[in-house]
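Visitor: Chains as they are written, first to last, in the working numbering: chain A, 1 to 433; chain B, 1 to 172.
Bear in mind the hints are in silico, worked out from the structure with no lab data behind them.
Some clues are possibly wrong.
[Said to hold, decoys possible] If you only want the chain B side, here are some residues facing chain A, beta carbon under 8 Å, derived: (1) Trp11; (2) Leu12; (3) Glu13; (4) Arg15; (5) Ala16; (6) Glu17; (7) Ala25; (8) Ile51; (9) Ser52; (10) Ala64; (11) Ile79; (12) Ser95; (13) Leu102; (14) Ala109; (15) Val114.
Built from N, CA and C at the ideal position, the CB exists for glycine as well.
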Amino acid sequence: MNLASPFSISLVAITALAFLGLPIGHAMIAGSILYLLLAGLDMGTAAEQLLNGMYSNYVILSVPLFILAAEFMNIGSMTDRLMAFCNALVGRFRGGLAQVNILQSIIFAGMSGSAIADAAGTGRMMQAMMTRDGRYPGSYAAALTAVSSVIGPIIPPSIPMVLYALVSDASIGFLFLGGVVPGLLMALSQMIIVATTARARNFPVEKPVPLRKLPRITWEAFPSLMMPVVLLGGIYSGVMTPTEAAAVAAGYALLISAGLYRSVSWRDFYNALAVSARTTASIGMLIAGALVFNYVITVENIPEGVKALLAGWNLSPVGFLIFVNILLLLLGCVLEGTAILLIVVPVFIPTAQALGIDLVHFGIVVVVNIMIGLVTPPYGLLLFIMANISSEPLRDIVRDSLPFLFAMVVALAIMTFVPETVLWLPRLFGYQG
Amino acid sequence: MNSSLRAMGSWLERRAENIAAAMLATIFAAFLLQIAFRYLLGLPIGWTHEISVVLWLWLVLWGAAFVVSEREEIRFDIIYGAVGPGSRRVMALISSFAVITLYTISLPAVVDYVTFMKVERSSYLKIRFDWLFSIYIVFAVATIIRYIWIAWQAVRGVAPDEFDPTKASSGV
Numbered sequence: 001m002n003l004a005s006p007f008s009i010s011l012v013a014i015t016a017l018a019f020l021g022l023p024i025g026h027a028m029i030a031g032s033i034l035y036l037l038l039a040g041l042d043m044g045t046a047a048e049q050l051l052n053g054m055y056s057n058y059v060i061l062s063v064p065l066f067i068l069a070a071e072f073m074n075i076g077s078m079t080d081r082l083m084a085f086c087n088a089l090v091g092r093f094r095g096g097l098a099q100v101n102i103l104q105s106i107i108f109a110g111m112s113g114s115a116i117a118d119a120a121g122t123g124r125m126m127q128a129m130m131t132r133d134g135r136y137p138g139s140y141a142a143a144l145t146a147v148s149s150v151i152g153p154i155i156p157p158s159i160p161m162v163l164y165a166l167v168s169d170a171s172i173g174f175l176f177l178g179g180v181v182p183g184l185l186m187a188l189s190q191m192i193i194v195a196t197t198a199r200a201r202n203f204p205v206e207k208p209v210p211l212r213k214l215p216r217i218t219w220e221a222f223p224s225l226m227m228p229v230v231l232l233g234g235i236y237s238g239v240m241t242p243t244e245a246a247a248v249a250a251g252y253a254l255l256i257s258a259g260l261y262r263s264v265s266w267r268d269f270y271n272a273l274a275v276s277a278r279t280t281a282s283i284g285m286l287i288a289g290a291l292v293f294n295y296v297i298t299v300e301n302i303p304e305g306v307k308a309l310l311a312g313w314n315l316s317p318v319g320f321l322i323f324v325n326i327l328l329l330l331l332g333c334v335l336e337g338t339a340i341l342l343i344v345v346p347v348f349i350p351t352a353q354a355l356g357i358d359l360v361h362f363g364i365v366v367v368v369n370i371m372i373g374l375v376t377p378p379y380g381l382l383l384f385i386m387a388n389i390s391s392e393p394l395r396d397i398v399r400d401s402l403p404f405l406f407a408m409v410v411a412l413a414i415m416t417f418v419p420e421t422v423l424w425l426p427r428l429f430g431y432q433g
Numbered sequence: 001m002n003s004s005l006r007a008m009g010s011w012l013e014r015r016a017e018n019i020a021a022a023m024l025a026t027i028f029a030a031f032l033l034q035i036a037f038r039y040l041l042g043l044p045i046g047w048t049h050e051i052s053v054v055l056w057l058w059l060v061l062w063g064a065a066f067v068v069s070e071r072e073e074i075r076f077d078i079i080y081g082a083v084g085p086g087s088r089r090v091m092a093l094i095s096s097f098a099v100i101t102l103y104t105i106s107l108p109a110v111v112d113y114v115t116f117m118k119v120e121r122s123s124y125l126k127i128r129f130d131w132l133f134s135i136y137i138v139f140a141v142a143t144i145i146r147y148i149w150i151a152w153q154a155v156r157g158v159a160p161d162e163f164d165p166t167k168a169s170s171g172v
């Protein structure tokens, strides 16, 4: 590569600006403008790409709506009822509350598409419950909530999958289906770790909830439990587009929080809107920057260049997947997940296609990688959030999350090498891949 | 003087947030309306779709220009988060200079593009595209002013806020 070419200079500029602490969206827009300037192209193209890209993409509208749905769920008392339900089911086992934590993450995952929202929404209550009377060490509880939140965007709906669909043109409906088994696999790997450590560390057992109380507890949690059914049923019966389903999810969450559980004030409602609007603007800037920079990447034909380069290595499909896994896990330690998804992943998609790797399979492997990146230090957003909520030292939380990290990497390896774990369910629904 | 200026600033900030929240509420309502019309009344409508796409674009650029604070921006903090206030000032100064320069020199071409778009109108509501896309100019100018302010603060000796990753939510 010519080091004085406009592309190299703009790439260096973007990297340098990002390292200097400029917000990543601005760094990408500024660097792309620099490229257009040096290459003698029309600088108005930056605005053109950003505006048209944002305007013509319908699927992406589900992002703000999924964010809003998660906020609406978090203000209601949906969380309390779901927790009571999970406790009635698995609280009676050794390490019961730890299993409750994972089970409620699975249920939440079926409603929310954001790991960050899950941790922020349920983290405080989970932390308080688990550490009451010194039941569990604070750092262990925080680590567990961080790792179990990872399941959120793997089981549909999922904001990262929407972003992947945006850069890969893979079907969002089949991606959602493809995430179900891997999400359960991740949960299972975590439950095994809890079960084994629960004995060794002598974790407490919760007072069993009498079976006669179960119908009532289930009934109270029922409207929340129905949400994934409404959501996914709507998408797969073809009644709703995934984008409309996101709006329905938000509407449904608001309806049961406000209407049924009567726990939403106007202030709560406004705050949920304002917080979601802020998050939307932040993530939207990343998407906007990526749209502009991806134009530069396309003009320079970079993905084809990477394809040619990797072809020179004679990688097998499995070798390529191992390479991508390692690269993404390493990047996940230092970079923000959305940025990896929007900037790094598109570069590898043509190669994956050329090697005959299914794009839904590839997408799920990529998303799981990025989710694991949320709990790997030094830059692990979920670790930061739980350190903040629990006031435990980050170091201790990292230490307690290591066994789970190991288990999740094993689960990732299984879904990487056995594509059927991902593709079985989409094929059942008619996916031709 | 200074305190009344600050009070005005935070008043404006809250109003900007009100507007962003209202835009999101409208997107949400437009979708519900669209679904209701299609399935309950059997009347597919297209203008709701157009409203939500326009507002999504406006929400992101408006929010980035006036609502999202420096603390909430998604950034790469390996170095930025580790250095002291002095180095952070220098770093802010360099990156502000780059943003101000590049956004400013691209501004005429951007204005050209946006005004050129007056020849097209949106499909349902027949809004001229130069109006729809004008938000980019607002965004670019606001960004330039924001970074002039950040650079000025850095020169005066006020270090930019420390980065708080838990505030910088990207929605994943």
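Visitor: Please go over all the hints and tell whether each is borne out by the structure.
Guide: Verification of the supplied hints:
1. Trp11: It is violated, given that the least Cβ distance between Trp11 of chain B and chain A is near 15 Å, above 8 Å.
2. Leu12: violated (15 Å)
3. Glu13: violated (11 Å)
4. Arg15: violated (12 Å)
5. Ala16: violated (10 Å)
6. Glu17: Status holds, d = 5 Å.
7. Ala25: At about 6 Å, which falls below the 8 Å cut-off, the nearest Cβ of chain A leaves the hint on Ala25 of chain B intact, so it holds.
8. Ile51: violated (11 Å)
9. Ser52: holds (6 Å)
10. Ala64: holds (5 Å)
11. Ile79: holds (5 Å)
12. Ser95: The hint holds - Ser95 of chain B has a Cβ within 8 Å of chain A, the shortest such distance being about 4 Å.
13. Leu102: holds (5 Å)
14. Ala109: Result: holds, 4 Å to nearest chain A Cβ.
15. Val114: holds (7 Å)
The structure fails hints 1, 2, 3, 4, 5 and 8 (numbered hints given earlier, in ascending order).
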